[in-house]
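As given, the protein sequences belong to chains L and B, one line each in that order.
Everything in the first sequence is counted per the UniProt record's numbering, starting at 1 for the first residue and increasing by one.
Everything in the second sequence is counted per the UniProt record's numbering, starting at 1 for the first residue and increasing by one.
Be aware that a few hints might be false.
Put simply, identical chains are the same to the list, so a pair is met inside one copy or across any two.
Straight-line C-alpha distance at most 25 Å; calculated SDA-like pairs for lysine to any residue [claimed, not checked]:
#, residue 1, residue 2
1, Lys85, Ala194
2, Lys62, Thr52
3, Lys62, Leu21
4, Lys85, Ala195
5, Lys85, Pro326
6, Lys85, Arg312
7, Lys85, Asp106
8, Lys33, Arg11
9, Lys62, Ser25
10, Lys62, Gln50
11, Lys62, Ala14
12, Lys85, Ser226
13, Lys85, Gly130
14, Lys85, Ala322
15, Lys62, Gly94
16, Lys33, Gln50
17, Lys62, Glu12
18, Lys33, Ser64
19, Lys62, Pro7
20, Lys62, Asp32
Keep in mind the hints are simulated off the structure, nothing from the lab.
Protein chains: 2
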Amino acid sequence: MRGKVGPATMREVAERAGVALTTVSRAFSNPDKLSPDTLRRIADASAELQYTVNLSARSLRKRSSGMLLVLLPDIGNPFFSLVLKGIEEGAREGGRVLLIGDTGSDATLADAYAGQLDAGTVDGMILIDGRVPFPHGSPARARLMRAPVVALSEHVDDPSIPFVGIDNRAAGRDVAHLLADLGHRRLGHIAGPAANGLTTLREQGFAEGARERGCDLLGTATGDWSIGSGQAAAADILSWPHRPTAIFAANDEMAIGAVHALAAAGVSVPGELSVVGFDDIDFAAVGSPALTTIRQPRFAMGRAAVEAVTARIEGRTTAEPARILPFERVMRASTGPLGSGQTAAGRG
Amino acid sequence: MRGKVGPATMREVAERAGVALTTVSRAFSNPDKLSPDTLRRIADASAELQYTVNLSARSLRKRSSGMLLVLLPDIGNPFFSLVLKGIEEGAREGGRVLLIGDTGSDATLADAYAGQLDAGTVDGMILIDGRVPFPHGSPARARLMRAPVVALSEHVDDPSIPFVGIDNRAAGRDVAHLLADLGHRRLGHIAGPAANGLTTLREQGFAEGARERGCDLLGTATGDWSIGSGQAAAADILSWPHRPTAIFAANDEMAIGAVHALAAAGVSVPGELSVVGFDDIDFAAVGSPALTTIRQPRFAMGRAAVEAVTARIEGRTTAEPARILPFERVMRASTGPLGSGQTAAGRG
DNA sequence: TTGTACGCGTTATCAG
DNA sequence: CTGATAACGCGTACAA
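Model the full structure from these sequences, guided by the hints.
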């Protein structure tokens, strides 16, 4: 007498619709090959039973799950929000769903997540944390390399994995040029964490651009992308024997933290010190002063990344090794020409 | 001659380790019940083959997947970042993984995601978008109600679903009291989208608190939680015939937008107008002026929510109908006593 | 166009 | 403590 508990199965739908199990299965994969009448009966039966395909079973059978795994270092970083929206939208259009792994930059954890790909639980993987799971040379790594994987935003050390993102080095150079064009000659940098690929590229580019324009890169303070680390870095910079007239923070959060610390220390921005950020997150536009920054096409990056994995999943050979998207200068109020503000205490 | 392609299976591990398939299975679920020697051989074999359990198969068999589904309206909203971190951490500790569904507040989409729960693809669900999937009274809804589901941050219309979050009405009242204590009597409000439960609660609470202290709530401008909508709302408020001396924005982003628009319009904050936000996102602390706001314990909320679903999943009857966490006033520079700034142009 | 039969990789049950 | 065997729900040759 006890009724069934779980959701309906195909067999139940089949019985109710008066067709064979197979037919129901086909109704969900190859609807075109069924007679309209049969299809309708199945649709009705499914609706009445509120039937949903069991994804575990389908996935076991098809060796594919309709899931995309996204590995990122910190879901709390607002930079990722729009990127994820782009990925989400693209995945949805492709009928796939997102599994998000926040690795906290922990390799063991990342490997654990990646095991899902290896186990066939997910169809493809987007790496936003700059690291390829599994030790180089291991069988698991080898298998990973044959799977649909793309690196987003940050390069990974394996060149055979397609990359989607901007040219970070060029962007770093551009910041130096921008500052040089404003007349600045003494530059400072707030870098991201040392081991990070983005940190390196932006810093190298910045140094290169400075050199090209005959500017002095007075020094580099190291942060960890967070607002707080930007504040600390700014305090550090203020203690340097030779103070720069402009600083470039490798992301907006550190730039915002720096601006805040500078204001607290009574240093006017951009009057005494110009500040440039990176990413153009939403809050960059509404700070005071609003932040000059480099805009990354975050949403488009997300879309491009899904497109790339999807292509590989479906066997389309769009195997471009890299998809470099354009970045963009966004000039706002946190930068000004050299000496603009040194004269007076401020301009009201 | 063609080698196998996919990852190793239990059978292969079993063969290599010289044990039965069943034994390998047990090694991964009940390791305690195996002899150390057997366990070791299986461990070795697994390592050599880089074996990973196939989660689809396990999930099919166990009718549970080790996944938690999180439904949220907008992954781009920084409020969710820390909440998600809390959920993530809790899920991980429980050996579970996160499936994140960004519904964009779209009911159809939410239902599609929720179907996964129904199909047993996910073990539990955390609703952060204030809506229970599936029409009231439908079989699917009925099944959902028996599944481990909790509402986080925003109440849902079904009282039988446990809630985790703060008392938003009380928080709204508190803001009014806070402002009244500073001497303000003419208040304005920037509300969230009309259909939203959070909007209603905070607005009602604010109105209530204002009434209690004999303040006039001059009007309410409606936003959509975004920075831009806060800017627009502020512009609107400036056009009111009677201008308030303090406004409460229902979240920090709108508050930040408002402060920005106010500054652009030459209105000093808090000199001429005090502004209070809600949530205490990271950026609230580093704006200029830094934002007075109500802090929600975002991380703890996430943790509490996983704890609640996990309890239900594991059959522990911690079936509290609600888990109300404390909010906290955070006084910063965007509020000041009435009239503090009306006298002079500013205080250097 | 529709139905039959088998297997995907695991876990649970029951013996040994 | 260990092993054989039967499902779990679905997709896909193959046959009709």
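Intra- versus inter-copy proximity for Gln50 and Lys62 (alpha-carbon distance at most 25 Å): both (23 Å within a copy, 22 Å between copies)
Measure nothing new, just compare the shortest in-copy and cross-copy C-alpha distances for Lys85 and Asp106 to 25 Å and report within, between, both or neither. both (24 Å within a copy, 14 Å between copies)
Quick one: Lys62 to Leu21, C-alpha cut-off 25 Å, is that within a copy, between copies, both, or neither? both (17 Å within a copy, 22 Å between copies)
Indicate which option fits the pair Lys85, Ala322 if close means a Cα-Cα distance not exceeding 25 Å: within, between, both or neither. Classified as within; 21 Å inside a copy, 31 Å across copies.
Indicate which option fits the pair Lys85, Arg312 if close means a Cα-Cα distance not exceeding 25 Å: within, between, both or neither. within (21 Å within a copy, 30 Å between copies)
Copy assignment of Lys85 with Ala195, given that the CA separation must stay at most 25 Å: Intra 27 Å, inter 23 Å, cutoff 25 Å: inter-copy only.
Intra- versus inter-copy proximity for Glu12 and Lys62 (alpha-carbon distance at most 25 Å): For Lys62 and Glu12, both the intra-copy (21 Å) and inter-copy (20 Å) Cα distances are at most 25 Å.
Tell me, please, which holds for Lys33 and Arg11 at an alpha-carbon limit of 25 Å: within, between, both or neither? Classified as within: same-chain Cα gap 19 Å, cross-chain 37 Å, threshold 25 Å.
Indicate which option fits the pair Lys33, Ser64 if close means a Cα-Cα distance not exceeding 25 Å: within, between, both or neither. Within one copy only: 23 Å inside a chain, 33 Å across chains, cut-off 25 Å.
Evaluate Lys85 and Ser226 at a C-alpha cut-off of 25 Å and name the case that applies: within, between, both or neither. both (22 Å within a copy, 15 Å between copies)
Homo-oligomer pair classification [Ser25, Lys62; C-alpha up to 25 Å]: Both: 13 Å inside a chain and 22 Å across chains, each within 25 Å.
Pop the pair Lys85 and Gly130 into one bin, within, between, both or neither, using alpha-carbon distances up to 25 Å. both (19 Å within a copy, 20 Å between copies)
Going through the hint list in order, the structure satisfies each hint without exception.
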